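Here the protein sequences come in this chain order: A and B.
Take 1 as the starting number for the first sequence in our numbering and just add one per residue.
Take 1001 as the starting number for the second sequence in our numbering and just add one per residue.
Hints are computed from structural coordinates only; laboratory data are not their basis.
Note that the structure is a prediction, hence the values are computed from the model and not measured.
A virtual CB, placed ideally from N, CA and C, is assigned to each residue, including glycine.
You may find that some hints are simply not true.
[As the list claims (entries may be wrong)] A short, non-exhaustive set of chain B residues, derived as facing chain A with CB atoms under 7 Å:
(1) P1073
(2) V1195
(3) S1201
(4) F1226
(5) R1229
(6) G1232
(7) L1235
(8) G1236
(9) M1252
(10) T1255
(11) D1259
(12) M1260
(13) L1264
(14) H1267
(15) M1281
2 protein chains.
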Amino acid sequence: MIILTDGRTDLHAAKTAICVIRYRPSEVVALLDRKSAGRTCGAVLGVGGAIPVVASLADAPEANTLLIGIAPPGGRIPEHWRPIVLEAIGRGLNVVSGLHDFLSDNAEFARAAAERGVELVDLRRSDERDVASGEPFRQGCLRIHTIANDCSCGKMVTAMEVVEGLKRAGLDARFAATGQTGIMVAGSGCAVDRVISDFVSGTAEKLVRADEDGDVVVVEGQGSLFHPRYSGVTLGLLHGVKPDAMIYCYEMGRTAIFDMGVPLPPHRAVIEFYEAAAAVMHPCRVIGIAVNGQRFTADEVAAECQRTEQELGLPTCDVIRDGSEKLVEAVMELRK
Amino acid sequence: MIILTDGRTDLHAAKTAICVIRYRPSEVVALLDRKSAGRTCGAVLGVGGAIPVVASLADAPEANTLLIGIAPPGGRIPEHWRPIVLEAIGRGLNVVSGLHDFLSDNAEFARAAAERGVELVDLRRSDERDVASGEPFRQGCLRIHTIANDCSCGKMVTAMEVVEGLKRAGLDARFAATGQTGIMVAGSGCAVDRVISDFVSGTAEKLVRADEDGDVVVVEGQGSLFHPRYSGVTLGLLHGVKPDAMIYCYEMGRTAIFDMGVPLPPHRAVIEFYEAAAAVMHPCRVIGIAVNGQRFTADEVAAECQRTEQELGLPTCDVIRDGSEKLVEAVMELRK
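With the hints as extra help, turn the sequences into a complete structure.
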C-alpha cells in the first residue's frame, strides 16, 4: 500500500500513517507526501526506516492500495484530495479511508471505482444498532482498557504493546480495536466514534464479547473524559467495556487539550475521575501508566517515568522506548 | 393528530404520548390503543381528560396526522405496526415518528407516502457533523440543564415547567429540546441520542448557541451518567452544554435502573458525580431537585420532598403537583 499524508507529517496529524507503518511495515511501499518527497519514512516520521517518501502515485507503481493516513477533526475529505483519490482509482488501486466522510458515499468516487473494478473501503462505516444488554461478561477473561487525559496520547499503541507482551508471557491476549487506525492495524474492530451515540455502549459490549473466550482482552480507548469534543464517546466506550483495570496514557510535556487550549488537570485528578466514572458500572482502578515521550530524550523520559511512578505509586514506562513489561506485569498481577 | 400507543399505556412506555397530550392537548383528537379503546385519555394516562381512546383510525376521521407515541429501546419499528402505518398513509394522514428506525427509509412506507402525497416525519433524523468548537457562550445567558439518576424521570417535563415559570417571572427563557418528545412538544431541537457519537457535544453546543440571546436556556437532559446504555449520550450532552447549574430529577420509589435491574446509588453520590463530571468543563452545581411522584399520593410526595430537602439541603418539589416555583426561585437566585 501507499499512504497519503498530504504534507501533514507532524506526530499528531500523521498518527494513522505512523501506526500502520510501525505495525505493518512490510505492507507499505511508500508514503505519498509532496512536501517530504525524496526522503525516507524513518527520517520524516521516525518509523519505517528506508521506506521512500514519493511525490506522486506514479513513483510507487507496485502499490495496489491507497491508504488515507491522516484524520482531520470532523473527518471530512478536503477538496484537494479529490484528484489524488480519482488518480488512485484510475490506476487500479483500492482506496482505504478512516474518515467520517465516506468515500463510497461520494458519487464521483463510487462511479469511478465501479468502472475500474476497485474497492473503496470505509473503515469507520458501521451499522451498529444494538443497545448494551448489560449481560455479565465471562469471568475468566480480564478486561483492560487504555485511557488518557487527551486524544493522541498513545492509547492504541499501549494496548497493542501490552497485548504483545501478554502473548509473549504465554497468555491468550486479544486487542480490541475501537478506532480507524486500530482497525487498519488489527484487521477488525469498530470505530465507536462513528456509531450513533445511543449504541456506543452496545458496540463496546459486542467488541468485548467477541474476544471474551481469551484470557485477557485489551480494549483501545478513544478520546478522553476531559476532551470537550469527545468525552461522550469515551464514557460510552468505558461503560460498555466495564474494564477490570485501566492503563493511563499521557504525552509528556502536554499541558492543554490538543488543538483546543483547554488546560489539563493534574494526573492524579484525571485518574481519580476515570476511576469514579468506571466504578459507576464495575469496580475498576488504574494499574499502570504509559508515558508517551516522543518529544523528549531517553534521559528526560526516564526521569519523567521515575517522577510519575513515585508521585502516583503506579508502574510507569514509555512502551516504545522501554517495552511494555512493567504494564504486562501489572496485568499478570491481577490474575493471581 | 391521533397518537399510537399500541397497548403500551404504562407510564414509561407511553411517556411520549403523555407529554404531547400534556403540552399540546388541543391538537390531539384521539389515542389509538385497542386494549384501552372506549375509555378516555384522562382515565388511561392521567392526562388529556375526555380525549377518547379508539380502536382504529376509522374511529377518528378528523385526524390528519398519526404520531407514534411510544419508543421501544433500540427504536425499531415492530412488524405489527406495518399495517397501521400503511393504513394511516392510505387514509391521507402524515405520520410522525421519533424512532431510530426511520419511516422514510422504509421503501414500502416511502412509496405509499409518495403515491398518497403525505409526509413521513422522522424527528430523530439529523445530519449533525460538527465537532464542538469550544468557543465561549454569551455570558449574559444562564445555562441550566436537567439531569437524572435514570431514564424516564421527568427531565423534559421539569425543563418545560421551569421555562414556563421563568417566563411568568418576566424572563426571556428558552427550552432546548434534545429528544424526540421534546421536539414534538417544542417544534424544534435535535435528538442527540441519534447523532453520531463524535458530534454529540457539537450538537449540544449548537442548540445552546441558537438560544443564547435569551436570559436563560434550559436544556433538557438525556439518559443518565448511571445508565449502562446511554451514559455516553448524557456526558456528551453535558459537556457540550457546559451548564452553569443543574436540576436533579428522580422518580420516587425507583431503586434500580429502569428495565435493567442495576441498583441506583444514593442521591448524594449521584449528585456529586454529576457535579464532578460537569466541572471538568465548567464550574457547575446542582441547585434544586425535581421529584417525580407519579406513583404516590400527594401526602407521600410532600413527605418525600421534605425529607430530600432536609437530607440534601436543596429546594425540592414535584413540578406536576406543586408547580416549579421553588426551582424557578433557585434559578433566579443565580442571576443576582
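Numbered hints the structure breaks, given as an ascending list:
9, 10, 11, 13, 14
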